[in-house]
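J.: Residue numbers (the working numbering), protein chains in the order written: chain A, 13 to 243; chain Y, 777 to 1187.
No lab work stands behind these hints: they were computed from the structure.
Some hints could be false.
Straight-line Cα separation of at most 25 Å, DSS-like style, residue types lysine-lysine; simulated pairs [stated by the list, open to error]:
id	chain 1	residue 1	chain 2	residue 2
1	Y	Lys1038	Y	Lys880
2	Y	Lys1178	A	Lys89
3	Y	Lys1187	A	Lys35
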Amino acid sequence: MNRDIILQTNKLGKYFYDPIKFKVLDDVSFEVSKGEFLTIVGKSGCGKSTLLYCLSTMDTNYDGEITIANQIVTGQKIDNLAVIRNEKIGFVFQFHYLLPEFSCLKNIMIPALKLGKYSYDEIEERAYQKLEILGLKEQALKPASKLSGGQQQRVSIARALINDPAIIMGDEPTGNLDSKNSETVFEIFKQLSQDFGQTIIAVTHDTDFAKASDRTIEMADGKIVNHNKII
Amino acid sequence: MKLKVNYEIALTHILTRKKQTIVAAMGVTIGIALFIFSNSIVAGFSSYSKSNMFKTIPHIRIYKEDKISKALSITNDSSDLVLISNPKIITTNKNIVNPYGLIKELRTKSFVVNAAPQVNVDLFYNSGKSQLKGVASGINVIEADAMFNIQSTMLAGHLENISSDLNGIIIGKGVAEKMNVRVDDNLTVISSFGVIKVMKVIGIFATENRNTDESKSYINIATAQQLIQESPNSVTDIYLSVREPDSAAYFATNLQELTEYKVEDWKTANADQLAQDNMLGTMTPMIAFSIMLVAAFGIYNIINMTITQKMNDIAILKANGFKGKDIIKIFVTEAFIMGAIGTFLGLLLGALLVQILSGVYIGPPVGYFPIKFDVSIFISATLFGLIASLGAGYLPARKAAKIDPVEIFRK
Ligand SMILES: Nc1ncnc2c1ncn2[C@@H]1O[C@H](COP(=O)(O)OP(=O)(O)OP(=O)(O)O)[C@@H](O)[C@H]1O
Ligand SMILES: [Mg+2]
Chain A
13 MNRDIILQTN KLGKYFYDPI KFKVLDDVSF EVSKGEFLTI VGKSGCGKST
63 LLYCLSTMDT NYDGEITIAN QIVTGQKIDN LAVIRNEKIG FVFQFHYLLP
113 EFSCLKNIMI PALKLGKYSY DEIEERAYQK LEILGLKEQA LKPASKLSGG
163 QQQRVSIARA LINDPAIIMG DEPTGNLDSK NSETVFEIFK QLSQDFGQTI
213 IAVTHDTDFA KASDRTIEMA DGKIVNHNKI I
Chain Y
777 MKLKVNYEIA LTHILTRKKQ TIVAAMGVTI GIALFIFSNS IVAGFSSYSK
827 SNMFKTIPHI RIYKEDKISK ALSITNDSSD LVLISNPKII TTNKNIVNPY
877 GLIKELRTKS FVVNAAPQVN VDLFYNSGKS QLKGVASGIN VIEADAMFNI
927 QSTMLAGHLE NISSDLNGII IGKGVAEKMN VRVDDNLTVI SSFGVIKVMK
977 VIGIFATENR NTDESKSYIN IATAQQLIQE SPNSVTDIYL SVREPDSAAY
1027 FATNLQELTE YKVEDWKTAN ADQLAQDNML GTMTPMIAFS IMLVAAFGIY
1077 NIINMTITQK MNDIAILKAN GFKGKDIIKI FVTEAFIMGA IGTFLGLLLG
1127 ALLVQILSGV YIGPPVGYFP IKFDVSIFIS ATLFGLIASL GAGYLPARKA
1177 AKIDPVEIFR K
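The following block holds chain Y by itself, in its conformation from the complex (with noise of 0.2 Å):
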């Protein structure tokens, strides 16, 4: 072996005290794994229930605000009338004007994968006695197929079938049941304006999300624009999907450039949902992290230990000319050496708890439970204990150098 001589000793040290070497690195060993393990299954929790959000929600919604009128009219002139009132929503439609117009402009955005109109409509669906409100999207089965990718939650009947037929509905698997209809079954649907039309159940979806299954349905855009009393041109909303879904808030203030119409991005939109996925995205590598400076400490411990018990040697060593430089260096690299027994042991065993947990099916709506195998994860998790090991080792590193031979010596 012909390695430096400061890592020469290093190693010397490390091989005589191998007990205390793998009580160190197994401490780093569950520091890891479990940092690797809470911080993979946080990730499968948000990539799920983002694709489960993903599934009705899109990543940018356009749509025209409600306005609310002013309380007070003021004005500088002393002679006017003050005008007070109570404040209510002034809007009287909700149409974007020139919507095709807007929708090319979006599309020339680099960002922008996909853009769609839609119409929304509120609306009561009616079978015979029973009565259950809800919420009819009039889409372009295509461009909205390719956002939502509806035809994937198809129970029954065929999605496409809408584009042709202007009576066809496809309604949420719960809609069905409390509705008690099935494909081919007649629905007669109640739009908010009053208009009440006689519909065809031509598909039934299901979501795995049970508000969306017990209100949704899709219809023809056209339908939907009949159901609201407007013309063929108008649109409610428009829906974008984007290339990076995480970054739709910005994206949303690029676009808020183009358009007088509110640009909204979904994290916006979902607020409630996602502050709980952050408290969980919080508070389980944090404990993570509480494990991993126990089990840094404990190399703290070991490395402290060492010099404690090597006093002698270190003195011999400055006394034969060795700086206080090489002493970090020695006792630095016993700790990193420590450490990535540790580490790279942690990576395995975190890696396998992902594995085993992943096979674990949890029954629908979920399926395998949602843990992600995410590549990143692992990248910090070696660079976390890589400088949580060198850290413990350089605390008591650095008293080693500043011992006094002399002092050793005298004794």
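Bound conformation, chain A alone (with noise of 0.2 Å):
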């Protein structure tokens, strides 16, 4: 397998039944390089959701297989799952999705401390970098639901970053924000991408962030209708 292919999805199926029996996923086969800043676009309720959550491992309810940083996730049992997750996997949503008792700091150390891979020590200041590339580093102590909109979305990308994951995903990441909000978003994902060479899959709706990203796979009807490879 080549070393450089992060994600690799093969002939992946999904139906839904309720109310009536249809295919939200058809035969979607792509790959992820290492590093790459992938969109993912479409109309509404063409599919792209869903499939992210099947790439996060937690829909575990599809045909075809699912390969993440050269292990095959599908059939995994849930449990490994979590750790694969907790390890690979950063996520950030549409809706920020804080712990609203705790604070930033607390936020972003949280899914560190159920790695522990790092002392408790270790991984305050880790929390603190990333606050700090992420412009935030005043509002460590605050609780998370003191912040505006924009603060706490680059809140949960500093968490979705504190493991050093193998892959970031995000669902409409700068879907609830306003323009200027959401431009800082994807500047941020932007430099992860360049300067850090972290590999992100981002589902959007927005045109701008799309083209700007490396690699844009448009959706139709839960088939990929255009690759819209590197030139």
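With the hints in hand, could you dock these two chains into one complex?
T.: Written out as structure tokens, the structure reads:
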């Protein structure tokens, strides 16, 4: 297997049965290279989020096969998948989904505390570093619920980065932000990809966002209709 | 703070919802306090009534059981006559043969603390025209006192004089009142064997058990033998005290192998009275148990509510690599903290209630309220409180562990 491929899907298919049986993913096969900034676009309801949940290992109910970092994740036990998510995948959601009772710093630290690779003090220091990259160092000790939407989204990016994941996945990470904040988040993604070689897969409706990414996959009715390879 | 992350999350949830934590803990506090309180009352009553019983009743009694004649004599030989008769008691005397040999043998058993011979005589007390039915126990003072602590019940006179004074009798307070006699007065007794004897009251005792005080008296064992017209070696009963009175039934079965006479433990002999204690002893803890269940349900509700409100958080934690086990740990820990706070306060409140009630004087014959401060009750209350709250947390936590994050994020 090509060492530069970080994620690979082979003939992904998925049905929904409620209210009627329909194929939400149909023969989806693609590869993502290490360090690539990939966006997925398509009309509302074409199956982008569904695809991302399968890639994220949270949805296990699909046909075909997914390989992440040379490891076949399809068919693995739920607890193993949790470990893989913890170690290899960082998430950024449309709604910021921070834990409201915890400070920004703690929110960022939690996945690392779970992983247990570093000591508490080291984790705290790393969390500060991530906050610094995202320009939020002053907000570190504020409760997450007291930040603005844009700030919260940046905290959740910091959280996604804390375990140095193989891939960051985002489902419309700018979808709930105004244009100025969208711009900021977008810049951060670009910077992460260019300066830190971070692999990113993001679902988006934002054409500017998509255009500036390394590659855009376009979906329609559960199928990939355009791979838009890097020229 | 450097707790494991699951515990840190649980603690944060608890600290950010102090009010709910306190409400849930209060429920447990009340449940535990009532559990301790009611069990202490039951234990107090039971030990009070036991110690009351043991003032006159031995742990184990050995005596000759009445035999009843058979109604039919059946033979296999058809030429024999079949005898039909009314069944009746055919025991002619109630003496134990070679009692001192048996006593010596009994004393070799490690669980036997004391073995004393006794001669019980059914008799009438006579004073002028008044007559009262009763029982005189012919005793060996030193042994009987060691067993029943008769000395502590003495109101007047001297117990030990019985050993030297063959005419002396120590009577219950009720007997003294009804017969209108005092120490140094004469009292005539007529035994069921028709022996009449004029005796001198040398002491009066009060056990605070009215039946006993109105019928019982103590006399020298030799005098009792005279009253039943038996030789100085005959004994009707052997009384035993054992190390653990509650195991008397077990010891009795063991001792039964030594002798053909009936060996009866105090529980069998007093089944009626114990039935009442048992009823109280079952009902009261049942009520406390129900209260505790309600308290546990309080925890269950609050954890359930927390989980419903924190669906998003749970989904986020799972997306970040927390396993179902971790989610269970988080919420069970929360329930445990609530339960532990509640249990701790409940132990204090329970101890306080027991302390207060044990200081309440309700007058003779009981004295202070018979409530028992028993460590084992506090230990079982603690276990009970903690286990109930673990259970109350585990049920909803298991549900939380099964939450599918994808479903939450799709909303
Ligand atoms: N749990 C479900 N049961 C049945 N159908 C579902 C379920 N979840 C999603 N769908 C349907 O599957 C299709 C794809 O949904 P999905 O959320 O992947 O679309 P999407 O491309 O992310 O759309 P959007 O851009 O609006 O977010 C839609 O038609 C949706 O109604
Ligand atoms: Mg979507």
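J.: Taking the hints in turn, state whether each one holds.
T.: Hints, verified against the model:
1. Y:Lys1038 - Y:Lys880: Distance ~17 Å between Lys1038 (chain Y) and Lys880 (chain Y) Cα, so the pair holds.
2. Y:Lys1178 - A:Lys89: holds (14 Å)
3. Y:Lys1187 - A:Lys35: holds (20 Å)
Figure legend: structure checked against the earlier numbered hints; every hint is met.
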